[in-house]
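Taken in sequence, the protein lines are chains A and B. Residue numbers for the first sequence follow the numbering used here, so the first one is 9 and each next one is one higher. Residue numbers for the second sequence follow the numbering used here, so the first one is 10 and each next one is one higher.
Among the hints, a few may not be true.
List of simulated lysine-lysine pairs, DSSO-like, C-alpha gap at most 27 Å [as the list claims (entries may be wrong)]:
1. B/K291 to A/K250
2. A/K315 to B/K278
3. A/K277 to B/K128
4. B/K245 to A/K290
5. A/K290 to B/K278
Keep in mind that the hints were calculated from the coordinates and are not lab data. In this text, all values refer to a predicted model and were calculated from it rather than measured experimentally.
If you want the building blocks of each chain, they are given just below.
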Amino acid sequence: MAKSLESEHPIKAYGYAAHDTTGTFSPVTFSRRVTGEKDVRFKVLYCGVCHSDLHYAKNEWGVTTYPVIPGHEIVGVVTEVGSKVEKFKVGDKVGVGCLVGSCRSCESCSSDCEQFCPTQTLTYGVPNFDGTQAYGGYSDHMISDEHFVLRWPENLPLDSGAPLLCAGITTYSPLRYFGLDKPGMKVGVVGLGGLGHVAVKMAKAFGADVTVFSTTAAKKQEAIEGLKADHFINSRDEEEMKAAASTLDGIIDTVSGNHPIVPLLGALKPNGKLVLLGAPEKPVELAAFALILGRKIVAGSAIGGLKETQEMLDFSAKHGITADIELIPIDYVNTAMDRLLKSDVRYRFVIDVANSLKAE
Amino acid sequence: MAKSPESEHPIKAYGYAARDSSGVLSPLTFSRRATGEKDVRFKVLYCGICHSDLHSIKNDWGMTTYPLIPGHEIVGVVTEVGSKVHNFKVGDKVGVGCLVGSCRSCQSCANDLENYCPKNILTYGSPYYDGTRTYGGYSDHMVADEHFILRWPKNLPLDSGSPLLCAGITTYSPLRYFGLDKPGVKVGVVGLGGLGHVAVKFAKAFGAEVTVFSTTPAKKQEALDGLKADHFIVSKDPEQMKSAVGSLDGIIDTVSATHPIAPLLSVLKREGKLILVGIPEKPLEIPAFSLIMGRKIVTGSVIGGLKETQEMLDFASEHGITADIELIPIDYVNTAMERVLKSDVRYRFVIDVANSLKAP
């Protein structure tokens, strides 16, 4: 007989969950496992609200098992460590991102690419291989195998750094992997939201010349003055797009709404790379000629491995990169989701969990 | 007043041309320029028939100006060289492929990538520097700037080697550029036609393990016994495709008919590359998730630069790689085109120009 949320595990926990496809959150009491010998247990201080949380809460990808407690940009302070934990101790500041498990033995895991492990465990929403559910960071505390816990760099703010655990690694990884991290590279960023604004900051820190593409002309000032992008192009303006033809080494496309790809390919130099991070609902359409004439690449990328995520956090601390956030109490989360749907946030909500989530 | 093809240049020439979008080829008397100081003039011995010739004569791509003399897999013997030609002399065996000109000063040209020069000049159907249109190898002789002439390797047969000038470089180049030229690499080839069969030969010569994908089960024996491919998969068979999931480092897709891309992406390992060299008419549809999960790439490639084309010919000569051909007299060309349309050839027609094209 299936156990209830509360009795599934021995340690009591509480958080906010969505129970059906309305995606409306409400308080819930649940439970987490005891601290195993390799586990790190920590009190959640902050948790970023990622657009994926919204997709999952509403079951837009058809993979959600309810109730779902999202949150995979989680920062906190260690309260207990297992007997075989070596890297962390009580009181340390730590983070957990999108992964809490992987097989640790396949070729991907062995090359620090746990994000490609076919038996990975996500931080929330998809059942673990032992059949129990994984619950994310909209909750009072987390527990995770040491391997999946990130050391929080000393100079990195806990609240505005939290979104780096998903948005940060998701943009940092392709900039590195596709060789767009060299000074002087000409990099485009499509979409100025949670992912996009962090992509601009990362690219600038790498020394790139950054062009922001947006359908919202009003974002120009924020892009240029706020984020220090070098150029701003209204992607709906044909003249501006034409003027940008064959100028870019690479483009990081963060937009998850359906949008035309071919004009973006036109902006690439020969051998240029268009990297998709957002996942539009409809397949992207392109004429083969757009790739063949110029040997251009369309690729995708998602998060990164644990080693690279740590590297990204350290890089961010060194270069003063944080997300632009709006800190909210947890009972604001439903309003936040409504606003997120309308892209009405500059640029990430972060839940002030420790100060607003009360035990029932 | 516009000159006729016969009077536009001082040297008489004759060949077979298409005069309208029916694509029917018939004898044409025309003319070529005098041998300039950097030009090489040669009598055409053989010319391969590329599917692009068929597309061009029927104006499938909407770019054709008639009359059109196709042919860009041209092999012959030098009859005259200009005063500043250094690398060739009368009597040499030479070849010309798909390009006869480029700007010689852009980044692509400077990097021996004339195929990506935005101002390159195709061997047929393109405006030349003097404003006249270029005529291809279905003709008695050719004249081209020395830079665009290939030295014919001694041990390479002239007739069965001629298709390498397009089909060869088009498949060799992406195997090298995308790192699929290492022993043990697992490479897929989609489509077993003019391009596909040469792709298999090159991949095998590089030491790859080759899987052929085809919609024609009857091609299995040719693929495995004839071309020495390691595996054969009927791409319309879901069971066979399923068994190949996540197995290949790269795929060379030679098919120009519209076909689904997502199943091919599923067959790639993580970070695998799908390289389009065929040009489907309709836009491709690519689900973004198929790229994002596994950080996969879709890209394209077209021919190669002159330096690489020479390298490819030398490699082919060293490894005994030629095309499988059907040698035909030039007056068979219309029947040949009908058969190309039905893929009724194993695998390239080559026109025995010198022995069948008579002066009018």
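Hints, verified against the model:
Using a Cα cut-off of 27 Å, the hinted pair B/K291 and A/K250 holds, with the two alpha carbons roughly 23 Å apart. At roughly 21 Å between alpha-carbon atoms, A/K315 and B/K278 fall within 27 Å of each other, so this suggested pair holds. For the suggested pair A/K277 and B/K128, the alpha carbons sit about 14 Å apart, so the restraint of at most 27 Å is met. As the CA atoms of B/K245 and A/K290 are separated by approximately 23 Å, the hinted pair is consistent with the 27 Å bound.
As the CA atoms of A/K290 and B/K278 are separated by approximately 23 Å, the hinted pair is consistent with the 27 Å bound.
Of the numbered hints given earlier, the model fails none.
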